[in-house]
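As they're listed, the protein sequences go chains A and B.
Residue numbers are given in the UniProt record's numbering: position 433 of the first sequence equals residue 433, and the series is strictly consecutive.
Residue numbers are given in the UniProt record's numbering: position 105 of the second sequence equals residue 105, and the series is strictly consecutive.
Quick caveat, the hints were computed from the structure, so don't treat them as lab data.
Any given hint might turn out to be false.
Which copy is meant is left open, so a pair is good if it fits within one copy or across any two.
To be verified - Using 30 Å as the maximum straight-line C-alpha spacing, the simulated DSBU-like pairs for lysine-lysine come out as follows:
#1 K382 to K113
#2 K342 to K51
#3 K426 to K415
#4 K257 to K415
#5 K257 to K426
#6 K113 to K87
#7 K342 to K426
#8 K342 to K87
#9 K426 to K31
#10 K278 to K415
#11 K382 to K426
Protein chains: 2
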Amino acid sequence: IVFYPTQVDHFSFANPDTFLLRYLVNDTYFKDGGPIFFYTGNEGDIEGFVKNTGLLMEMAPRFGAMVIFAEHRYYGQSMPYGEESFKDPAHLGYLTSTQALADFAVLITRLRKTASGAANSPVFAFGGSYGGMLAAWIRMKYPHLVAGSLASAASIFQYPGITDCEAYSHVATRTFQRSAAGCPGRIRSSWDIIDDLGKTGAGLQNLTSMFRLCERLTADDMPALVDWLVNLWMIYALIDYPYPANFLTPLPAWPVKEACHLIVSNEDVLSGVAAAAKLYFNYTGQTACLDISKPYYGGLAWQYQACTEQIEPICSDGVNDMFPAIPWDLSAFSEACYERWKVRPRPHWAVTEYWGRNISAASNIIFSNGDLDPWSAGCVLKSLSDSLVAIVMEDAAHHLDLRPSNPADPPSVIKARAQEADIIEKWIQEYRAAGL
Amino acid sequence: IVFYPTQVDHFSFANPDTFLLRYLVNDTYFKDGGPIFFYTGNEGDIEGFVKNTGLLMEMAPRFGAMVIFAEHRYYGQSMPYGEESFKDPAHLGYLTSTQALADFAVLITRLRKTASGAANSPVFAFGGSYGGMLAAWIRMKYPHLVAGSLASAASIFQYPGITDCEAYSHVATRTFQRSAAGCPGRIRSSWDIIDDLGKTGAGLQNLTSMFRLCERLTADDMPALVDWLVNLWMIYALIDYPYPANFLTPLPAWPVKEACHLIVSNEDVLSGVAAAAKLYFNYTGQTACLDISKPYYGGLAWQYQACTEQIEPICSDGVNDMFPAIPWDLSAFSEACYERWKVRPRPHWAVTEYWGRNISAASNIIFSNGDLDPWSAGCVLKSLSDSLVAIVMEDAAHHLDLRPSNPADPPSVIKARAQEADIIEKWIQEYRAAGL
């Protein structure tokens with residue numbers, strides 16, 4: 001575990017502050033001149049990503065690679081202003097992807113200067129989800145520092161105007177459909193039932209006890225309850241891994257199948273839905289009650305990013321998907337962001353900064369995607385050139401290829417990992433041939 | 001003349017301010033779907049660049065192009081904080097190249113959305129000197145918005161650690177040598193004479209009157225006098241155009257030849273040197289006296305940029321060049337910057353942000369260079385790939401190819417302009433073939 005100093009603001013000189021960013025080094029397998037496998041940390045404590053990302057260490061021996069996990073600013077222990085980091089926009093405003101990429105660029109430059117045997121090491125960026133987007137972007141913006149990237153579940157197209165906001169809901173619905181044909185229909189029919197119950201005191205009481213909620217529901221809470229359930233199903237699809245895992249929460253193997261089993265086998269629609277919710281939140285049996293106000297991931301800092309530059313519209317129509325009809329409403333969203341954070345989203349900035357759909361000028365990026373993962377809707381699913389390679393993994397959820405190998409991994413994932421390693425091998429040869 | 005609103009800080013949300021950036025549009029020759037020729041404004045009022053940059057309008061009819069000249073923030077009328085823009089680091093700190101590139105990216109996005117017939121127009125960036133660097137960088141950082149760039153005299157390699165700081169002085173000396181073989185020797189011998197005169201009151205008086213200085217020299221002024229003269233010769237080489245021009249100052253054709261004629265034909269070394277100085281500052285005969293404290297170009301805002309991210313080391317050894325031995329002293333430079341602006345340089349940032357010498361991942365950039373121009377020492381002089389094309393123009397000074405055509409243009413420049421137009425034609429065809 002190492003910390004290095006970096007600018008709070010790389011792109012201006014109005015703020016001269018610096019802070020310490022954390023990164024983890026594992027040079028167990030490193031051979032002089034071998035590659036550096038660099039995980040571009042995303043929205044969470046970096047140690048969580050180390051646990052859930054086995055691929056780098058598993059590939060390291062073959063390549064004699066050094067493995068680095070770099071933490072994203074404003075997460076874990078990498079706080080620009082310590083406990084004041086979240087105080088107000090003046091302190092929190094430097095939480096952006098462009099600043100984080102610059103942190104990583106500065107770190108890579110530093111590593112190649114200071115780490116023994118790494119002066120000529122090719123660097124490969126790895127990341128999943130938002131970390132995968134960062135891995136893709138660092139190759140796009142800093143290709144002199146990064147010889148290539150593996151961007152898993154990198155939804156770089158999930159921005160306003162370049163991907164239909166319903167696509168995400170379609171994939172989530174399809175994942176449930178594949179687990180049990182009757183499952184999406186049951187979930188779809190739950191919304192009216194919930195809506196009706198929300199109209200009476202007895203109904204609210206009933207909902208509160210069925211979902212074993214921590215706080216008694218009021219009519220005002222109903223939109224939040226629906227939102228919480230919508231997100232629950234989306235998250236289920238996201239982490240539909242083939243073995244028991246503890247990514248966002250401990251769950252059994254194939255959790256969507258388990259959830260759908262509860263939903264379909266239960267005569268009462270709502271009982272089934274509630275049982276599936278309890279499975280998610282209380283698989284270990286240690287959760288006393290369910291809290292609908294708790295975010296699923298990323299916590300406060302990610303909420304802020306989602307309110308500023310990471311505007312990834314998701315909507316549903318209730319017809320082609322299993323969700324209620326929820327349009328994407330930018331102005332309401334903007335109001336909520338201002339209310340909460342005193343900032344307004346800049347919804348078009350990410351497309352300007354990160355090239356929209358026209359990334360053909362980039363090179364040496366692998367985009368891997370699981371076809372169960374709703375985020376795949378905003379990902380690169382087709383290869384764009386010899387060096388912009390898309391891999392779609394059947395029966396795989398959110399960046400399953402990055403996770404530690406498991407006997408239950410589907411063949412598509414085993415194949416993808418082998419292909420990824422071979423491509424990196426090729427890029428290393430090209431790097432050496434170019435004398436870089 | 002149009003203004004559009006843009007963020008003061010594109011990369012963070014700590015500062016929500018916006019301001020108006022100026023740009024000039026000429027659509028005289030524009031045909032629907034034709035290209036946009038976009039001048040990435042550099043360190044000065046944009047109207048000055050319009051006058052000195054004829055190439056865009058001269059090429060526009062052939063391509064049916066719209067011509068845009070966009071002003072750089074903190075220059076001309078594009079002041080983020082009006083008259084307070086230079087007040088302190090908190091106001092001035094947003095004067096950086098990365099912010100300026102983002103301004104241009106936002107403007108291009110906007111133009112393609114709002115300008116009639118421009119929705120599918122390929123955009124080509126043009127620029128000279130620092131503007132040429134911006135033209136190269138905008139293609140590197142925002143290739144989805146810019147189909148290609150003509151970067152003239154773009155000294156993107158003139159940064160610490162990637163170009164020898166003496167190279168600049170060598171080229172300047174060579175330019176004087178080519179104008180008159182005895183000229184550099186005379187200039188070289190002037191430094192000891194000046195140094196000696198600076199040691200006595202009578203000598204200082206003598207220098208003051210010979211150079212017709214506005215303020216009487218003191219011993220303390222001697223380093224500034226030497227600095228002023230060193231820069232004078234460097235600037236002479238820079239603007240050694242083959243016809244009378246008024247780029248930084250009005251001068252006759254081939255000013256280095258004129259200056260060297262005065263220097264070599266004068267029996268007294270110092271009289272010759274002083275005559276050459278007066279030629280530069282008083283060619284029109286309207287300057288009452290010479291002011292050694294006045295910067296040659298860019299004014300305050302450029303001084304600030306040169307003190308923050310645009311750290312371009314220049315030095316001389318007095319042996320292989322015609323200058324006194326002046327080492328590059330970063331710490332003294334940093335002190336002076338802090339004294340003046342309350343900021344410290346970040347000398348390595350530009351190499352991290354703009355790829356150092358390893359720009360092979362870029363594409364579609366023409367780097368044109370005049371071989372008389374000292375800045376060519378930090379430019380791309382050799383083609384790096386089929387689409388990173390270097391052109392070296394014999395007998396040409398600083399970005400002569402961008403200037404309006406003139407009967408006195410050397411053949412190399414006429415040829416370069418034709419080659420540039422043909423390459424742009426090819427890029428337009430590729431752009432259309434890709435269906436972008």
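Consistency of the hints with the structure:
For the homomeric pair K382 and K113, the shortest alpha-carbon distance between copies (27 Å) is at most 30 Å, but the shortest distance inside one copy (37 Å) is not. When the C-alpha separation of K342 and K51 is checked against a cutoff of 30 Å, the pair qualifies neither within a copy, at 35 Å, nor between copies, at 45 Å. For the homomeric pair K426 and K415, the shortest alpha-carbon distance inside one copy (17 Å) is at most 30 Å, but the shortest distance between copies (41 Å) is not. Taking CA atoms no more than 30 Å apart as the test, K257 paired with K415 passes inside one copy only; the shortest distance there is 24 Å, against 70 Å between copies.
Taking identical chains as interchangeable, the C-alpha atoms of K257 and K426 are never at most 30 Å apart, the minima being 39 Å within one chain and 55 Å between chains. Taking identical chains as interchangeable, the C-alpha atoms of K113 and K87 are never at most 30 Å apart, the minima being 36 Å within one chain and 38 Å between chains. Taking identical chains as interchangeable, the C-alpha atoms of K342 and K426 are never at most 30 Å apart, the minima being 48 Å within one chain and 48 Å between chains. Taking the shortest Cα distances, K342 and K87 sit within 30 Å of each other both inside one copy (11 Å) and across copies (27 Å).
Taking the shortest Cα distances, K426 and K31 sit within 30 Å of each other inside one copy (18 Å), while across copies they are farther apart (45 Å). Proximity of K278 and K415 under a CA criterion of 30 Å is satisfied in neither setting, with 35 Å inside one chain copy and 75 Å between copies. In this assembly of identical chains, K382 and K426 lie within 30 Å of each other by CA distance both inside one copy and across copies; the values are 20 Å within and 27 Å between.
The structure is inconsistent with the numbered hints 2, 5, 6, 7, 10, although it conforms to all the rest.
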